[in-house]
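Note that the protein sequences, when read in sequence, are chains A and B.
Per the working numbering, the very first residue in the first sequence carries number 13; after that it's consecutive.
Per the working numbering, the very first residue in the second sequence carries number 83; after that it's consecutive.
These are calculated hints, taken from the structure and not from any lab test.
As the structure is a prediction and not an experimental result, all values here were calculated from the model.
One thing to keep in mind: the hints can contain errors.
DEER-style ranges, computed between Cβ atoms [claimed, not checked]:
1. Val23/A - Lys306/B: 45 to 53 Å
2. Gly224/B - Cys21/A: 54 to 62 Å
3. Glu228/B - Gly22/A: 29 to 37 Å
4. Gln387/B - Ala43/A: 36 to 44 Å
5. Glu395/B - Thr39/A: 34 to 42 Å
6. Pro406/B - Asn107/A: 27 to 35 Å
7. Glu346/B - Lys102/A: 47 to 55 Å
8. Lys94/A - Pro197/B: 51 to 59 Å
9. Gly22/A - Pro406/B: 56 to 64 Å
10. Ser295/B - Asn107/A: 24 to 32 Å
11. Gly22/A - Lys306/B: 22 to 30 Å
12. Lys120/A - Pro247/B: 46 to 54 Å
13. Asn136/B - Cys21/A: 56 to 64 Å
Short derived list, chain A residues pointing at chain B, Cβ under 10 Å [as the list claims (entries may be wrong)]:
14. Val23
15. Glu27
16. Thr28
17. Thr31
18. Arg57
19. Asn59
20. Glu66
21. Trp68
22. Lys76
23. Met85
24. Leu87
25. Gly91
We put the CB at the ideal spot given by N, CA and C, even for glycine.
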Amino acid sequence: MLLLTCPYCGVEADETELTPGGEAHLTRHGAGSSDDDFETYLFMRKNPKGVHFERWRHAYGCGKWFHAARCTMTLEVFGTYKAQTFEPPKALINNIKKKRPDWEGFVK
Amino acid sequence: MKRYSAFAIAREAFRHHTGWERAWRSPEPKSEYDVIIVGAGGHGLATAYYLGKNFGITNVAVIEKGWLGGGNTGRNTTIIRSNYLQDPSAAIFEKARSLYETMSQDLNYNVMFSPRGVMMLAQTEAEIRGYQRTAHANNLQGVTTEFINPQRVKELCPIIELSGPRYPVLGALWQPRGGTARHDAVAWGYARACSDMGMDIIQQCEVTAITQSRGKVTGVQTSKGAIKTKKLGIVVAGNSGHLADMGGFRLPVESISLQALVSEPIKPCMDVVIMANTVHGYMSQSDKGEMVIGGGTDGYNNFTQRGSFHHLEETVRALIETFPMVSRLKMLRHWGGIVDMTGDRSPIISKTPLGNCFINCGWGTGGFKAIPGSGWAMAELMADGEPRELASAFGLERFQEGRFIDESVAAGVAH
């Protein structure tokens, strides 16, 4: 059972209180984009073994969407942060690098 | 290879069973092969087998980082069915189901295929309409299924509770020639047959890099050294994205955990497979007597091969509603398998942006039933360099062209 802290309401929520929303920080492509870009936006995913950034919704709580940084190999949660950003906070990235020295860093 | 037979058992009985030989060799890798398959699970071994059997390509290595059949082939609920809605899915799953019927004879290895019948319960009005539609579609596709009423459901499975506290059983989609098989034996049978054709099955050998030159694959780097190859097949389920990274391309795939559990063994009480998709649990009884139970997937990326407790609770709750007698069963063990999910919940059997490199993945929650059909189609693709009819709809290009094989709802399973 994952435990994630909602960065909006501050509640430490069980996985059952949350809805997963897939990979975070996707670049949206819409009408007029190339086929490659549109396909990448809709279907291509990083699916990393290790550090992953993803969207969650505090569905049975405050209802807000937020982001989480998590390890897909160990289920360790590195932290959560608000969704109004194009990339993870610097402090969180530094914190992950300390714990995972081999990690390549955040790649858009 | 000595053939298994009643005569062989009698012969060995007279010499204290000292004459049995290893089912497959464990060779060191050669420096070069015509074909390397990465992944010695069911799909990878079946690909190798049909390359040899149908195309005479036997200079083949199947490379496996763990032990053969130790991934999802050993972690599923062994259900075999082909009652899919879309034509390309029905075609490949029905091909697989028909190959399962003769697999034990074909491989000279008892895979214990048991066509005991698979039933998918309709527990809402929408499900009734959906399954009636599937039954009509299946009849046009040449897949034998029928929609049956609750009384027939009860006749076929007396332990079922029809009235249900939340959802009554209103009917079912019945595929009498679906069933189960011994999952490990499928991998072992293919491995033995491949080894007998001279193929090398190399376990405990992890691929660490894919080498290429001028846009074509030339070989792989492994934990047992570099191996050259003319063609490469990637058949690694949940690790597909990882291997694609090495090949320099991306896949429309995400890896998540799907879990299952088995009970203590009890006397025979149920001789069909039942899937209850609205309450979301499915169950059959193994030949050892264990109730084999499957449930839901996690909704997030996960490589841990572990289950999670709230899914167990949901699954068990669903089954107690449907089969009240299981409420006192003790559960023996539970586990998770890492399944690779695509955007349209259909598999990928395809060429890749890297020349002479082919991929077979994306079987998601329903790979075991497809093993022989998947191997058959993948062998055609790898031998010819182009897909034949079975695989033609399952190419990677469908995600760009919008030609989805949308089974995400149609398969009747909450993926």
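Hint-by-hint comparison with the structure:
Evaluation of the 45 to 53 Å hint for Val23/A and Lys306/B yields a pass: the beta carbon distance comes to about 50 Å. Judged by the Cβ atoms, the range 54 to 62 Å given for Gly224/B and Cys21/A holds: they are separated by roughly 55 Å. Under the hint 29 to 37 Å, the C-beta atoms of Glu228/B and Gly22/A, about 55 Å apart, miss the expected range. Evaluation of the 36 to 44 Å hint for Gln387/B and Ala43/A yields a pass: the beta carbon distance comes to about 41 Å.
With their beta carbons about 38 Å apart, Glu395/B and Thr39/A fall inside the hinted range of 34 to 42 Å. About 50 Å separates the C-beta atoms of Pro406/B and Asn107/A, a value inconsistent with the hinted range of 27 to 35 Å. In this structure the supplied range 47 to 55 Å holds for Glu346/B paired with Lys102/A, their Cβ-Cβ distance being about 53 Å. Checking the proposed 51 to 59 Å range against Lys94/A and Pro197/B shows it holds: the Cβ atoms sit about 55 Å from each other.
Restraint check, Gly22/A to Pro406/B: a C-beta distance of roughly 43 Å breaks the suggested window 56 to 64 Å. As the Cβ distance of Ser295/B to Asn107/A is approximately 41 Å, the hint placing it in 24 to 32 Å is violated. Take Gly22/A and Lys306/B: their Cβ atoms lie about 52 Å apart, and the range 22 to 30 Å is violated. Remark: the range hint 46 to 54 Å for Lys120/A to Pro247/B is upheld by a beta-carbon distance near 49 Å.
Between Asn136/B and Cys21/A the C-beta distance comes to about 60 Å, which sits within the given range of 56 to 64 Å. The closest approach between the C-beta of Val23/A and any C-beta of chain B is roughly 17 Å, which is over the 10 Å cut-off, so the hint fails. Given hint, Glu27/A at the interface with chain B, holds; its Cβ is 7 Å from that chain's nearest Cβ, closer than 10 Å. The interface hint given for Thr28/A holds, since its Cβ lies 5 Å from the closest Cβ of chain B, which is under the 10 Å cut-off.
This hint holds: Thr31/A has a C-beta 7 Å from the nearest C-beta of chain B, less than the 10 Å allowed. The interface hint given for Arg57/A holds, since its Cβ lies 5 Å from the closest Cβ of chain B, which is under the 10 Å cut-off. A hinted interface residue such as Asn59/A counts as satisfied when its beta carbon comes closer than 10 Å to some beta carbon of chain B; here the least separation is about 4 Å, so the hint holds. Evaluation of the Glu66/A hint against chain B yields a held restraint, the C-beta minimum of about 6 Å falling below 10 Å.
Nearest Cβ of chain B to the Cβ of Trp68/A: about 8 Å, under the 10 Å cut. The hint holds. The interface hint given for Lys76/A is violated, since its Cβ lies 18 Å from the closest Cβ of chain B, which is over the 10 Å cut-off. For Met85/A, the interface hint holds, the least distance from its beta-carbon to any beta-carbon of chain B being 5 Å, beneath 10 Å. Satisfaction of the interface hint for Leu87/A is found here, the shortest Cβ-Cβ separation to chain B being roughly 6 Å, below the 10 Å cut-off.
Nearest Cβ of chain B to the Cβ of Gly91/A: about 16 Å, over the 10 Å cut. The hint is violated.
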